[in-house]
Amino acid sequence: MSAVMKHRLFWPLVVLLALILLNTVSRPSFVRITVHDGRLYGSLIDILRNSAPLMLVALGMTLVIATRGIDLSVGAIMAVSGAVALTIIQDSGDPANPAVLAVAIGTAVGAGLVCGLWNGFLISVLGIQPIIATLVLMLAGRGIALLITGGFITTINSDPYKFMAQGYVLGLPFAFYVSLVAIAIVALIERRTALGMLTEAVGINPEASRLAGVRARGIIWGAYAASGLLAGFAGILYSSNIMAADANAAGLYIELDAILAVVLGGTSLAGGTFSIAGTVVGAFTIQTLKSTITFLGVPPAVTPVFMAAVVVVVVLVQSRRFRRFMGRLPARLRTWTSRTPDGAEAAS
Amino acid sequence: MSHSDAETASDALVAMRGITIQFPGVKALDGVDLVLRAGEVHALMGENGAGKSTLIKALTGEYAVDAGTITVAGEPRVFHGTADAQSAGISTVYQEVNLCANLSVGENVMLGHELRRGGRIDWRATHRAAAEHLENLGVELDTRTSLSTHSIAVQQLVAISRAMVTDAKVLVLDEPTSSLDRSEVEQLFSVMRDLRARGVAILFVTHFLDQVFEIADRCTVLRNGRLVGEYPLPSLTPGSLVQLMLGRELDDLEALSSVADRHVDRSGAPVVRATGTGRKGVIEPTDIDVYPGEVVGIAGLLGSGRTELARLLAGADHADSGQIEVAGKAARLANPRSAIDHGIAYSSEDRRAEGILGDLTVAENIVLGIQARRGWRKLRKAEQDAVVAEYIAALGVRPASPSTLIRNLSGGNQQKVLLARWLATAPALLILDEPTRGIDVGAKADIQRKVAELSARGLAVVFISSELEEVLRLSQRIVVMRDRRKIGELASHDVDVDAVIDFIAHEGQEGAA
Amino acid sequence: MTSTQVAPARESHVVSSRHRFMTRHASWIPVFAAIAILVAMVIGAQIYFDGDFLSPPLISSILLDNSYLLILAVGMTFVILTGGIDLSVGAVMSFTGMFGASLLRDGLPSGVVAPVMLACGALIGLGIGVLVQYFDVQPFIASLAGMFLARGLGFVVSLNSIKVTDSSILWLQRTRWHFGDWYVTATGILALLVVAVGALLLAYTRFGRTIYAVGGNEQSARLMGLPVARTKLLAYVVSGTCAGLAGVVFTAYTGAAYPLNGIGTELDTIAAVVIGGTLLIGGSGFVVGSMIGVFVYGMIKTIINFLGVDQSWTRITIGGLLLLFVVVQRVIVARSARRR
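Chains as they are written, first to last, in this note's numbering: chain A, 1 to 348; chain B, 1 to 513; chain C, 1 to 340.
Keep in mind the hints are simulated off the structure, nothing from the lab. Remember, it's a predicted structure, so these values are computed and weren't measured experimentally. Hints may contain errors.
[Stated by the list, open to error] Partial chain B-side listing against chain A, Cβ under 10 Å, derived:
| hint | residue |
| --- | --- |
| 1 | R337 |
| 2 | A339 |
| 3 | L357 |
| 4 | Q371 |
| 5 | R377 |
Glycine is no exception: its CB is placed at the ideal position from the N, C-alpha and C atoms.
In isolation and in its complexed conformation, chain A is listed as follows (with noise of 0.2 Å):
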């Protein structure tokens, strides 16, 4: 039991587990899976499509994270991109060519990449902190973004970019086999080459691992430039979903989300090892936890309160202090209804 327990998986899917039980219990249509037209409808497939951005962002992160970095940059890139996508879909005149469409993407998700590549510059060559070489970008990001889309909203009507984040394969979103691909990509980088390792000694000691001979720049560089270009996609999915470039709305505190998704799933922000199955788990977590606000009635505009519980929660329960804390306080509860009789019934 201790030992299922000791895992580091065990807490993150305890809290996703318990929210969709609480949301099961409330109201038991949450659970309730419908077929429709050979698709699956209803909330839990609402979850798996809708946390695609927050899932390819937060695996990004939690590279970046392993690193011992931060990237604040990642919902400007979302801006940029989605802007730069529609903006050569909407000034192409043909909206619906596959072409057009794979120079748009191709060329949005390059400009993620170059952003990732910017502040993988900033850090890993000029060697500035990376909250704050990540802060410029997610300051000028959404001003660029501006500048693309003229100071407007930019709408568009294609089907096959809507399909991307709307449309469905063998019964699930799209979006959702998306999050797999790269789920399973990042995984199989990290895990199947030497890759996690090296990450994780540079996420520990930069300079050790640098005299060790790993080659720390690169690796730091290669993290910032996947979460780039991960944020670069899921900019796409996020202007995909309402067809529009909103450079101000567009992955607006995903970054928060993000990091907290990957905080959620057990991986320390003092960086070294990282999991990539606990971000997926935290990932999934915060969506369903949004969605249970929603369902539950609150504006949307209130979710942070919840949000801020939750943050707190997260991090009263990674934190060791709180842990021996409340460690100590069944001894505390028992010595104190041992001393009342109704305590010393209860207890034998």
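Following the hints, position chains B and C against chain A.
Same frame as chain A, but now just chains B and C:
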């Protein structure tokens, strides 16, 4: 353990009795006594893991004791934190100087005790007071300069001055000399003697036996969390003290003495030859070469350029002059990685900051060197297990479990793991910078023996250590450095420790043309 | 064995005045750099607009338009000096504004409401501080929770904007004291007062010096017996209180409270503080520098207004400037590290 209370009670400033501290799974201290008297320098001796630092932390209020009593000036005290201990007159100066480098010298002396007038700090008076406290120790400094502009030795004296501001009756010096050069140690000792004369009790922790015999009046020896005993120093010899610390004889170290005389074949190409290798403002152009099977020692004080030279050879820093040949061919060592690719392995002097990866396992720490060279291509599990098992056994890593996190190992065993990491990459040249600093005598002997054995099998080694005895014992040739340049080369069978010291002290000045 | 004295023990007393300045006041250099940038920007704009740019009313308006940011920056400086960060300030400013406006609407006098707003800010700051100090939560995350909380609470108060009609709150902004072509408002004076108090606290009290010590080396500060926990806690309380005060000032500035106010303000604040020469690793920086940073920010905004180009350039320019400063800081730190 056999002290009569009647004798100690009268002059004991601090008496710790039966101190027990329990950590999860281990008893770090088990019924330890320590008595400090006014006007004495009291050495606290023991191997790593003997419980010295735990005992100090109990005394300075960082750890709460699970059993036992602490009396200060006859009054029983319970400390809740360092501030408590300081108010009871117990101050500590740590190995890594615990001051704030971003603040001025004067502030560091006076922090928390700044002189105030009308509710605000009177900086003029505060700096004047700081200067007075420093002068009391014979240090003259511009107290308004930033602490970071001063050497570690000066910072240590600033830390001691700070202790005097709080009117410390007891001064704990936790390995203060480990990064000082000889003259700095001398200055520290004169300060210590002065404080002793003023009735301060000094608890002195160090790994350097000769320093203990030079300055201490009495010593308490710990072993495995238990008290071995308290002894007046004149009654001990270095040999008997080591025996008390180890609980066993140490013949191993002596047996190595023949290594220095071993013949080295210098007919072929040297493994590494550096000509005029230097770096502006760090080290002057230097020549050094190492042949297969040879151990070249580098002797010199801290800051003499010995680590700096090693770092250039290892590609850790970039040389801006001279050239380096590896196996007869010119090589460009732009970063550690390219040095490793040329078969040069470098074990840094700072084990914790530049060596181990604390959150990774012993196994991962060992294979990191190989893995870094291979890049993404992962070592096969069977291959990895074989390598790890081989080196854990060969170097005697304890505990011999590959899946233990390395941060849970003692310093000596961490050092062995680092050695394993480098040996696993099958280097041609191994550069060891202070491989035995701050580790217990047993591990030290193991590492020395391993170095001798490897060089006998043809490995070229550059060996750097503050302990000249060790350098002399292991190496065939000694490069002597001073003031950031090489001042000469000695054949180690021609010289003894005193000759090397003499050479460092005098040769350097003549050669400074 | 140790009788051989090889090196002179004392340091040389012959030092050039430049060296003397460097060893004493190196931490002021980034502030001078910020001042240089500010001056260069003003001169550049003055030339570009053919001398038609700089005028007393314009300079006065920079203080007026950015007084809330100035107050936030002072609080942020305290937190960053300890090596922390406070992402909650924008949201807390917005929430206290909403809460205060709703209380005023309910008829409470401003003499009660303003202190309540400050207390709310202080309370959220305290909460963040407790998480950071007692539960080892990273400041980034703890203040993130504070930000979410305040943002959400703002919407709990009302989803719509609340108009403020209280005369004394509006007085803070409306009344302008003129000195020739120059003018200043009560909010501006309040902001400058906060700067002065902040600067004095940091330079002349033990609390202030402990802030620097904690930011320089927390472990050392603890071992020196300084009240580390209390000081860090107080730094977040100071920041929260400043955010509460900024809420008052911002409400007076806009004449209404809106729950979406101050989105991204935390980033502007951090940018201003960093541009003003405060190192994000803590332990080095000055409130006066942060003030310069805010003026740089205000000046950029004004110039972009003058140019008549898209306001999105403000953020881009701030981002670029932030980058420039961070790179310069990085070079300075790297060089001083090499000197050692």
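These are the hints, each one checked on the structure:
no.	hint	result
1	R337	holds (5 Å)
2	A339	holds (8 Å)
3	L357	holds (5 Å)
4	Q371	holds (5 Å)
5	R377	holds (7 Å)
The earlier numbered hints are all upheld by this structure, with none contradicted.
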